[in-house]
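In order, the protein sequences belong to chains G and W.
1 is the number of the first residue of the first sequence in the working numbering; add one for each residue after it.
1 is the number of the first residue of the second sequence in the working numbering; add one for each residue after it.
Treat the hints as calculated values from the structure; they're not laboratory data.
Please note that the accuracy of each hint is not assured.
Result set (DMTMM-like, lysine to aspartate or glutamate): computed pairs, CA atoms no more than 25 Å apart in a straight line [unchecked claim]: (1) W/Lys85 / W/Glu106; (2) W/Lys854 / W/Glu304; (3) W/Lys496 / G/Glu29; (4) W/Lys388 / G/Glu29; (5) W/Lys490 / G/Glu71; (6) W/Lys381 / W/Asp47.
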Amino acid sequence: MAQGYSIVIGLLVIVALSAAAWFLSPKGENQVLWRSSLILAIVSCYLMWLITFLAQLHPLIAPRRSNLREEFVGHSI
Amino acid sequence: MAPRRDTPFRSAEMSMVQLYVSNEIGREVVTALGELGLCQFRDLNADVSAFQRTFTQEIRRLDNVERQLRYFYAQMEKAGIPLRKLDLDAEKLASPSTSEIDELAERAQKLEQRISALNDSYETLKKREGDLTEWRWVLREAGSFFDRAHGNVDEIRASTDEQDDAPLLSDMEQATSAPDAERSFSGMNIGFVAGVINRDRVAAFERILWRTLRGNLYMNQSEIPEPLIDPTNNEAIQKNVFVIFAHGKEILSKIRKISESMGADVYNVDENSDLRREQIHEVNNRLEDVQNVLRNTQATLEAELTQISQSLAPWTVLIAKEKAVYSTLNMLSYDSARRTLIAEAWCPTNDMPLIRSTLQDVTNRAGLSVPSIVNEIKTSKKPPTYLKTNKFTEGFQTIVNAYGTATYQEVNPALPVIVTFPFLFAVMFGDLGHAIIMLTAALAMIYWEKSLKKVSFELFAMIFYGRYIALVMAVFSVFTGLMYNDIFSKSMTLWKSAWEYERPEHWSEGDALEAHLNPHGYRYPFGLDWAWHGTENNLLFTNSYKMKMSIILGWAHMTYSLCFSYINARHFKKPIDIWGNFIPGMIFFQSIFGYLVVCIIYKWSVDWQASGRNPPGLLNMLIYMFLQPGKLDERLYAGQEYVQSILLLLAFVQVPILLFLKPFYLRWENSKTRARGYRGLGETSRVSALDGDDETEALANGHGNSFDEDGGVAMISQDIDEDHEEFEFGEVMIHQIIHTIEFCLNCVSHTASYLRLWALSLAHQQLSVVLWDMTLGPCLARGGVLGVFMIVVGFYLWFFLTIAILVCMEGTSAMLHSLRLAWVESFSKFAEFAGWPFAPFSFSTLIEESEELKNYLE
């Protein structure tokens, strides 16, 4: 899981969610409100997730610490 | 064309209507429209002073009734009778007829007379009671003095006989036995004055008497142990009883005068002890009588007021409504020839049928044969901005309206704000724990909405008003908290980390160790990898991440906002705003900051370690893109220098387009229209009764004449209103220059302004780390009884400081920053804010906004 191509999967998910939001919004005066708010919220959240994911995709620096305990070293965590 | 449905996307379509209403039902019509709350009446009598208007008399009468009702309220408060408050949610007040209002006025009049009569007699009785009480005290105190003094009469006499000029007081001590103590004072030609005086005046009183009478007196006084009540203002006053003895009638009358002028009350006291006893008896009887009557009066008054208290609230509301109706009627113009009232009002176009049917109903109910006419008129006046809200959008709309009123029919800036404002808040407030506290509070406020609505504590009312904003903010904060992987400054290990620590040779505990990425290409799937938590270079990583995120989110927010200017230009059918403002602006913005965002993302997507190249700094790249176009220090991708030069050129080309296209196009358009022979002259006749010119008279006549025989439709023509301006190239040009400079500079400064997202979220996170380390963190390391104690204290300290500082204070600051991003960075891209708010004549808003009515409503 969670390889580089997850971005595309995420994109598909939010496209599906946005489509759902578009078509499932309750009809009436406030339909535009539902659609705009839901899709904007979905896109904003995706954008933030995307940024967070991309920032860690090929990090330029690695976590460094000198307070590691013996048992944490050498195992995959 | 069927009118479009009103949505929150833009303000409702408005129409100016003229209402022709028969004079007899004017009041009923306005009342019905007030209940409806959809019409904003225009003042057709702007040049008539308030006193000369038609219904001034009625308003005065209602003012009087209002005063009477206020008087009842004050009396009730004085008597401590609780008011039965009106709950408008539960009970509806039917609109009263004129005769009902008359009845109410009459009743209020009668009640006022009765109450004030009762009050008067109550006060008189109270005064008498006070007097009698004082008298009783004087009798009692003076009496006991007399009894004491009789023993000393002789000695006093002796001293006065011997040396008349000696002060009486100094001789008091040399008392000898008195054989003829029975002798009375009158025998010695000594008179006395007894009375009651305010305790704080005693000293002055004594001094004045001493000086004016040159010491020829003997004064005795004693304090009344219980305070006496002043009936005029219900205050308790400490008083003293005094008895003054002196020689001769003149001196006595002088003393009397001085006492009166000092505000003392002089009472008649008999010297003879038998007579005095009788007096006391009599006074006691009278006092009892007075107290009886007083009790009765008070009971009657209270009964009366209790009865009033049952219906005072609805009365007040009815009168307030009635007054508003007449004030509105005063704004209508009256056509005396046809006995009709003419009103002009703004109302939402989509609600016109409702208004028509309401008017029809009122006319039918009144049984009039003359129909009321609703007539839509065309006007080039700018209609008011009417943004419908519901419980959810109200708060958001309010924060937008706090900045300004959107122009009529432009994109409602509140629509994107519903998401962007809470989201940007959450980016700064990202901590799952704090978000959950906030979410709980918001949900609680929404769950107990009904009961919390009545809370009138101002600070809470403000937060309560924004409960839905708080809800959305909290929901987004939960998301950003998960993204930052922060819960009360700690990390959650929800997924496997992408980092692992390999054991190098010669490693011992305490040595610095750097993690390695796993070899399978696995990345932490959701949020920030918890491996970063507590590392030495944690800040280095999160700063870079958050800073870039700020830029990208800012770019997205501004681009999104800029797109609304396209929608606005389309809606107002101004293609030149698209070609002259939106497109060049968008190209300018994208070729600089869009490019920066693309570079950020590209840089992230390249595996620099695998490629073996050095990653270039993006900030320097952007700076040198301007400073030395075409040259590169470090390459990000092939052909970068050409791309950058082209983009730079593209951006700079937009500046003259932004500057000149729109003004020159407008000039060309203007001269073309003029060449066709159109002139911008006010040749058309005026339509609306109230254009505020000096022609109101003519206008009223005009209205009369404009009735056709066949159905009473006023003649309408397009009016050229006073704000139609001649085209002036200079002005347009200056406006455009300002716009261009502002836009280009703002692109830079606004992008930089989004860095506040990074700064605030960094501050928030660091603050919660510090709070943990200063309070609960070290306590957890302790053991034993002390440890338990410290944990309890530390926890409460940490918890309350978390709520106070991190949730409330930091939340407020993040909210203000987010508000600024909405107001300045976003709105400046599309919204004009040149509208004026729609303020319909509505009873519900009237009642809501009235300070005075608040006392009467639940």
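Comparing the hints with the structure gives:
{"no.": "1", "hint": "W/Lys85 / W/Glu106", "verdict": "23 Å, holds"}
{"no.": "2", "hint": "W/Lys854 / W/Glu304", "verdict": "23 Å, holds"}
{"no.": "3", "hint": "W/Lys496 / G/Glu29", "verdict": "46 Å, violated"}
{"no.": "4", "hint": "W/Lys388 / G/Glu29", "verdict": "10 Å, holds"}
{"no.": "5", "hint": "W/Lys490 / G/Glu71", "verdict": "21 Å, holds"}
{"no.": "6", "hint": "W/Lys381 / W/Asp47", "verdict": "20 Å, holds"}
The structure is inconsistent with hint 3 alone, although it conforms to all the rest.
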